[in-house]
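A.B. asks: Below, each chain spelled out in residue letters.
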Amino acid sequence: MKLDRGFWTATAVIVLLGLVAIFFWVYAPITGLMPEAVDRARQIDLLYRFLAASGTALLIAVFGYILYFVFRFRRRKDTPADAIGLQIHDNHKLEFWWTLIPSMYILVLAIISVNLFFQIEPVNAQGNTLVVEALGHQWFYTFRYPGIHGEVGEMHLPVNQPVTLHVSAYDVIHSFWVPDMRLKVDMVPGLINTLVFTPTRVGRYELECTEFCGTFHGDMRSGTQQDKAYVYIDPPGKYKAWYDATQKAQANASDAVQVSSGASLDLSKGDPAAGKTLFQTKCSACHALGPFDKKIVGPGLMGVLHDPAHPNLVNGDKATPENVAKILQNGFSGPMGTMPNQTANGISDKDIANLVAYLNSLK
Amino acid sequence: MEGISATVAHVERIFAFAFGIVVLLVASVALKNDWKSKGLENQVFKMMLALLALGAFLAILASVNVLVGKGVEI
Amino acid sequence: MAVAAVHSGGLADHIHPEPQGFLRKYVFSIDHKIIGVQYLVTCGIFMILAGALAELIRVQLMRANGGFMTPDTYNAVFTMHGSTMVWFMIIPLLTGAFGNLVMPVQIGARDVAFPWLNMIAYWIFPVAGLMLYSSFLMGAPVAGWTEYPPMSLQGAPGTSMWCAAVFLVGIGSTMTGMNFLVTILKMRAPGMTFTRMPLFVWGQFVTAPLLMIATTALGAALAALFIQREFGVPFFDPTKGGSPLLWQHMFWFYSHPAVYIMILPAFGIISEVFPTFARKPIFGYKMIAFSSCAIAILGFMVWAHHMFTSGMAPTLQLPFMVLTMLIAIPTGVKIFSWTTTLFGGVLEFSTAMLYSIGFLMLFTIGGVTGVFLAAVPFDLHAHGTYFIVAHFHYVIAGGSIMGALAGLYFWYPKMTGRMMSERAGKWSFWLYMIGMNGTFLPMHWLGLWGMPRRYAVYDPQFQTWNQIESWFSFVMTASILLTMINAIISLKTGKKAGPNPWKARTLEWQIPSPMPYYNFKHIPSVFSAPYDFAEPLPYRGLEEELTDSPPPVPAAH
Amino acid sequence: MAVASVSQAGIVGRHHEEPDQLYVETRELRVQGFLLFMVSDLVLFSSFIFAYLYLRNTGQGWPPPGAPKLDLALAAINSVILFGSGATMHFALENWKHRNFMKFANWIIATIVLGAMFLSGQIVEYAKLAVGWGSSGIFGAGFFTLTGMHGFHVFCGIIYLTVLLLQALQGKYTFTKYTGLTLGTLYWHFVDVIWVVLFSIFYLY
Chain A
1 MKLDRGFWTA TAVIVLLGLV AIFFWVYAPI TGLMPEAVDR ARQIDLLYRF LAASGTALLI
61 AVFGYILYFV FRFRRRKDTP ADAIGLQIHD NHKLEFWWTL IPSMYILVLA IISVNLFFQI
121 EPVNAQGNTL VVEALGHQWF YTFRYPGIHG EVGEMHLPVN QPVTLHVSAY DVIHSFWVPD
181 MRLKVDMVPG LINTLVFTPT RVGRYELECT EFCGTFHGDM RSGTQQDKAY VYIDPPGKYK
241 AWYDATQKAQ ANASDAVQVS SGASLDLSKG DPAAGKTLFQ TKCSACHALG PFDKKIVGPG
301 LMGVLHDPAH PNLVNGDKAT PENVAKILQN GFSGPMGTMP NQTANGISDK DIANLVAYLN
361 SLK
Chain B
1 MEGISATVAH VERIFAFAFG IVVLLVASVA LKNDWKSKGL ENQVFKMMLA LLALGAFLAI
61 LASVNVLVGK GVEI
Chain C
1 MAVAAVHSGG LADHIHPEPQ GFLRKYVFSI DHKIIGVQYL VTCGIFMILA GALAELIRVQ
61 LMRANGGFMT PDTYNAVFTM HGSTMVWFMI IPLLTGAFGN LVMPVQIGAR DVAFPWLNMI
121 AYWIFPVAGL MLYSSFLMGA PVAGWTEYPP MSLQGAPGTS MWCAAVFLVG IGSTMTGMNF
181 LVTILKMRAP GMTFTRMPLF VWGQFVTAPL LMIATTALGA ALAALFIQRE FGVPFFDPTK
241 GGSPLLWQHM FWFYSHPAVY IMILPAFGII SEVFPTFARK PIFGYKMIAF SSCAIAILGF
301 MVWAHHMFTS GMAPTLQLPF MVLTMLIAIP TGVKIFSWTT TLFGGVLEFS TAMLYSIGFL
361 MLFTIGGVTG VFLAAVPFDL HAHGTYFIVA HFHYVIAGGS IMGALAGLYF WYPKMTGRMM
421 SERAGKWSFW LYMIGMNGTF LPMHWLGLWG MPRRYAVYDP QFQTWNQIES WFSFVMTASI
481 LLTMINAIIS LKTGKKAGPN PWKARTLEWQ IPSPMPYYNF KHIPSVFSAP YDFAEPLPYR
541 GLEEELTDSP PPVPAAH
Chain D
1 MAVASVSQAG IVGRHHEEPD QLYVETRELR VQGFLLFMVS DLVLFSSFIF AYLYLRNTGQ
61 GWPPPGAPKL DLALAAINSV ILFGSGATMH FALENWKHRN FMKFANWIIA TIVLGAMFLS
121 GQIVEYAKLA VGWGSSGIFG AGFFTLTGMH GFHVFCGIIY LTVLLLQALQ GKYTFTKYTG
181 LTLGTLYWHF VDVIWVVLFS IFYLY
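Protein chains in written order, with this note's numbering: chain A, 1 to 363; chain B, 1 to 74; chain C, 1 to 557; chain D, 1 to 205.
The hints are simulated quantities; they were obtained by calculation from the structure and are not laboratory data.
Keep in mind it's a predicted model, so treat the numbers as computed, not measured.
Note that CB positions come from ideal geometry on N, CA and C, so glycine has one too.
Do not rely on the hints blindly, as some may be mistaken.
Simulated DEER-style distance windows between Cβ atoms [to be verified]: (1) VAL553/C - LEU53/D: 52 to 60 angstroms; (2) ASP349/A - ALA116/D: 20 to 28 angstroms; (3) ALA52/C - LYS282/A: 56 to 64 angstroms; (4) HIS10/B - ASP271/A: 52 to 60 angstroms; (5) ALA534/C - PHE152/D: 53 to 61 angstroms; (6) LYS128/D - GLY147/A: 50 to 58 angstroms; (7) LEU53/D - GLY290/A: 43 to 51 angstroms; (8) HIS10/B - LEU53/D: 28 to 36 angstroms; (9) ARG76/A - LEU130/C: 33 to 41 angstroms; (10) ILE88/A - PRO460/C: 51 to 59 angstroms.
Restricting the straight-line Cα-Cα distance to at most 20 angstroms, the calculated cross-link-like pairs of lysine-lysine (PhoX-like) are [to be verified]: (11) LYS172/D - LYS103/D; (12) LYS32/B - LYS46/B; (13) LYS128/D - LYS177/D; (14) LYS363/A - LYS238/A; (15) LYS286/C - LYS240/C; (16) LYS282/A - LYS240/C; (17) LYS69/D - LYS70/B; (18) LYS36/B - LYS282/A; (19) LYS172/D - LYS128/D; (20) LYS350/A - LYS294/A; (21) LYS228/A - LYS282/A; (22) LYS70/B - LYS128/D; (23) LYS36/B - LYS46/B; (24) LYS282/A - LYS69/D; (25) LYS240/C - LYS294/A; (26) LYS77/A - LYS240/C; (27) LYS172/D - LYS32/B; (28) LYS228/A - LYS276/A; (29) LYS172/D - LYS46/B; (30) LYS97/D - LYS38/B; (31) LYS36/B - LYS97/D; (32) LYS318/A - LYS248/A.
Sample of chain D residues with no beta-carbon within 12 angstroms of chain C, all distances over it, derived [unchecked claim]: (33) ARG30; (34) LEU42; (35) LEU55; (36) LYS172.
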């Protein structure tokens, strides 16, 4: 059977419809429905437009030909009962092309995706990056800010300031998803995951949990347990006001850990060399000598007292030798891990002084 | 107590070394004899004999502390 | 003519004696055809259960603030819906039911390689199903069918029962896989080379190793979860050194191939239906067969694409992304080949053909969204949302179940000797198409707009679309019920089918319907591929099958 | 070995019987099916080995704090015992093929004894470690789960070989038809070979 006029007409209609679909997806008002709240969102939307346009065009082609064949080659009333179809088994040329063209398409898609992937993936924190930590609980979120004691219930970000977001969870896997940011990362207990982005649009955005976490999974709240969870992107002035007010309000908030036993330590006589030996035997199983998010059981401790991105310790206190000693004395329990206290670790006051001296020497 | 368990370990090592060599030789000879046999299950047998010889070899190395894993008492 | 078959003594002439008594004939039967029907009926029961659970989900989602069920009940309901549909409905239906029913006949064998193992594999399945549903009595599992720890470590005692039940049904699957693989490798009729096998047999042949290997890996994961829950061994508990991601690796190493277990046999079914009702050979037989193999092999290398947001190393994410995209190529080849098979045919729109065309369209939608999700940057947005729900329901409800329904309408006459009502069948098809698309199409944009999955309550702006979906889901249920009623009533009232109502050309249509216990009086020999409608049938030795010559004599033991 | 001699006399009468076609074809099915069973069992072990290596390499370093020390000397002699049993099983089957019933029986009994010795060695090792499965953290998750699973396989193997020996004594197998013995040998070799891997990853790595 020759490819007749009907076939070519159908093909023309299919091509036309495909072009219309591509045109539609190129100009579809995605941002009208969903604003793009961060810098990465635009690129992800472009990828989505590419995928949607090519996908819809493919669907139109397949559906178009199926429907045309179904209509054109249906058994009619006058078709003899023993009629058979065209006895063609294959067509190597055709098969070659329809293997090659999808392969090319996949190649292009892979290049685009890989390229975009490297733009999205966490890069090393720059100098002016705001480092925020988001923590999942059953069933609310809390956040930790440099310079603010303890955990706060709302997430505010200043617009146009690069953000490095570390996430983890206390109990089960949660996730951090702001649909208007097009970004998502799971909060896995025992792991620190990272997102890097720059907010570009002021507003209030819903924060959703997409990793099933139990009874109220559909109803995760902000840390105050009152409101739905939101991320607020504020103008710099408004953010500053919020930050100052919160810092004041949180100054006297209770610690995540028990208050110190009160034993006063003399940190002045610490010996870094002795501390180094002790670190290797007592601490290195759980703490890497790497950046904060190089986590083993607890966070990495390189520059723990000198990291501008982490001016706070895991319990929210300022990173000072005294506060490090306090954690060594009392232990710590939270999403960044669990650390036994002084007695359980079997270290003396002198050991603590040595360790603090050693940690202080790491830069 | 210490002395006894050290002696036991010593004896264990000697036996492991000696019998390890026996098993290694036996498995190698068996593999050589079977080399030309055909059939699906015989191919599998040959593979397994080879692995058995490998295992015996590893046990010999372990018995003389050439191969020692992490977290293992010598 | 009235000469009983002569034994050459080989396996091909080894016939089980005719089973005597109700128990041996219909309950503890070792006949693959009876076992196939047993699977089919059991799967039907699980379909009703899981379908009812699905409707409970849809009723709950009619209102944004829920209220029909407590969140915990809702969580248990969707967990059981997913678990039942995957392990107790679709996998046994496509492998156990249709595989047993026709695969041995299509290769010209008298039975599967290990009939007793086959019987045991079947009987494990309803027992495991009872165990699964008994977990409702002790507090049903609530963490979704994926049961991610640490959530599943908090779950009710029923979670351990869930582990045991799925482990058991997995053992049954493994047995079926081994059985089918040996059967297809060793028991083909003389002349039935690999390139002369019907494509349904190819589907089963490619599925069997997946069943055998992947299911065992799942067994290990389930055993580890069970051990952790019952004995406190911290595989997955991060506070004691375990890793929640370990479960995700172990689970998806099974569950991604499981997706292909659920779709490859359905590919096989529609590859049988298309040539039969288009009266022309399948286009690109070899490409369809080899692309199935490619999909099965690639299927083992892409599991971590379910974990792009879990915090895996970026260096691992990239190869998984690219490999996942590669699967689109063999899948595309299949879709194009089936579409081209329609070209120049004499298409007869029986219900089986309608369902196959429906399969082709809906599966293509699921495949296209699958390529979307393979791209990590897009997956970062869509992961864990209703977009995912839409994607895999298009693949499973639009692909696997439509394929199974096509198979049911196609092989029902062979199974029972009677036709199903075509009129009711066409109604069921259109209801299914309308209901299926109405239910799952809106989920695409709901997900992209920000509705995560597994929410018992959701934001009010999504309520309208959810109500529309719920109403359409009732249409879908009506369609399934119509098919089931059709199948039951047609047992009694259906038109007599005769051996070959569709004028199909594979071996199972050349023997009487329903198929006799010995399958063939003489094992035929095969000298060509089955789909050349212009040629005479490519089989020798089938002359006596439809005559009333005496059945072959069972081998003496 | 009086029983064995009697039984051997019973077999001798039939040992010239040529296997018929049904037997030959069924034998192929059984061997292939059994190999596939071994493959899926191997996947089961591999999954747990993957889990162990994953926990070992992504966690807090190895050995984890508080893990007991393994005894390399005991493990070495114990491994040699198990590998030796693989060799004796090989001889058992070889002797059956060479139609020597007495030697077959002796070698298979040696295999069973060596297997039992290996199990006892494992029990001694467990006793020396003196920690529980659930209380030994990820060390126990890897070590006790895998070696326990392997020990269970050895235990099943001992029972399997005993049954085969009894069946052989009753004359179930002839010198031309002995698929069951082949399968038993395959199984026992499988158990050995798995131990090569387990021994390496727990004691040598």
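A.B. asks: Hint by hint, say whether it matches the structure.
C.D. replies: Comparing the hints with the structure gives:
no., hint, in the structure
1, VAL553/C - LEU53/D: 52 to 60 angstroms, "holds (57 angstroms)"
2, ASP349/A - ALA116/D: 20 to 28 angstroms, "violated (56 angstroms)"
3, ALA52/C - LYS282/A: 56 to 64 angstroms, "holds (58 angstroms)"
4, HIS10/B - ASP271/A: 52 to 60 angstroms, "violated (42 angstroms)"
5, ALA534/C - PHE152/D: 53 to 61 angstroms, "holds (59 angstroms)"
6, LYS128/D - GLY147/A: 50 to 58 angstroms, "holds (53 angstroms)"
7, LEU53/D - GLY290/A: 43 to 51 angstroms, "violated (22 angstroms)"
8, HIS10/B - LEU53/D: 28 to 36 angstroms, "holds (32 angstroms)"
9, ARG76/A - LEU130/C: 33 to 41 angstroms, "violated (52 angstroms)"
10, ILE88/A - PRO460/C: 51 to 59 angstroms, "holds (56 angstroms)"
11, LYS172/D - LYS103/D, "holds (17 angstroms)"
12, LYS32/B - LYS46/B, "holds (9 angstroms)"
13, LYS128/D - LYS177/D, "violated (45 angstroms)"
14, LYS363/A - LYS238/A, "violated (34 angstroms)"
15, LYS286/C - LYS240/C, "violated (52 angstroms)"
16, LYS282/A - LYS240/C, "holds (17 angstroms)"
17, LYS69/D - LYS70/B, "holds (9 angstroms)"
18, LYS36/B - LYS282/A, "violated (58 angstroms)"
19, LYS172/D - LYS128/D, "violated (43 angstroms)"
20, LYS350/A - LYS294/A, "violated (28 angstroms)"
21, LYS228/A - LYS282/A, "violated (43 angstroms)"
22, LYS70/B - LYS128/D, "holds (18 angstroms)"
23, LYS36/B - LYS46/B, "holds (10 angstroms)"
24, LYS282/A - LYS69/D, "holds (18 angstroms)"
25, LYS240/C - LYS294/A, "holds (18 angstroms)"
26, LYS77/A - LYS240/C, "violated (73 angstroms)"
27, LYS172/D - LYS32/B, "violated (31 angstroms)"
28, LYS228/A - LYS276/A, "violated (47 angstroms)"
29, LYS172/D - LYS46/B, "violated (27 angstroms)"
30, LYS97/D - LYS38/B, "holds (14 angstroms)"
31, LYS36/B - LYS97/D, "holds (16 angstroms)"
32, LYS318/A - LYS248/A, "holds (14 angstroms)"
33, ARG30, "violated (8 angstroms)"
34, LEU42, "violated (9 angstroms)"
35, LEU55, "violated (6 angstroms)"
36, LYS172, "holds (15 angstroms)"
In this structure, the hints that do not hold are numbers 2, 4, 7, 9, 13, 14, 15, 18, 19, 20, 21, 26, 27, 28, 29, 33, 34, 35, in rising order.
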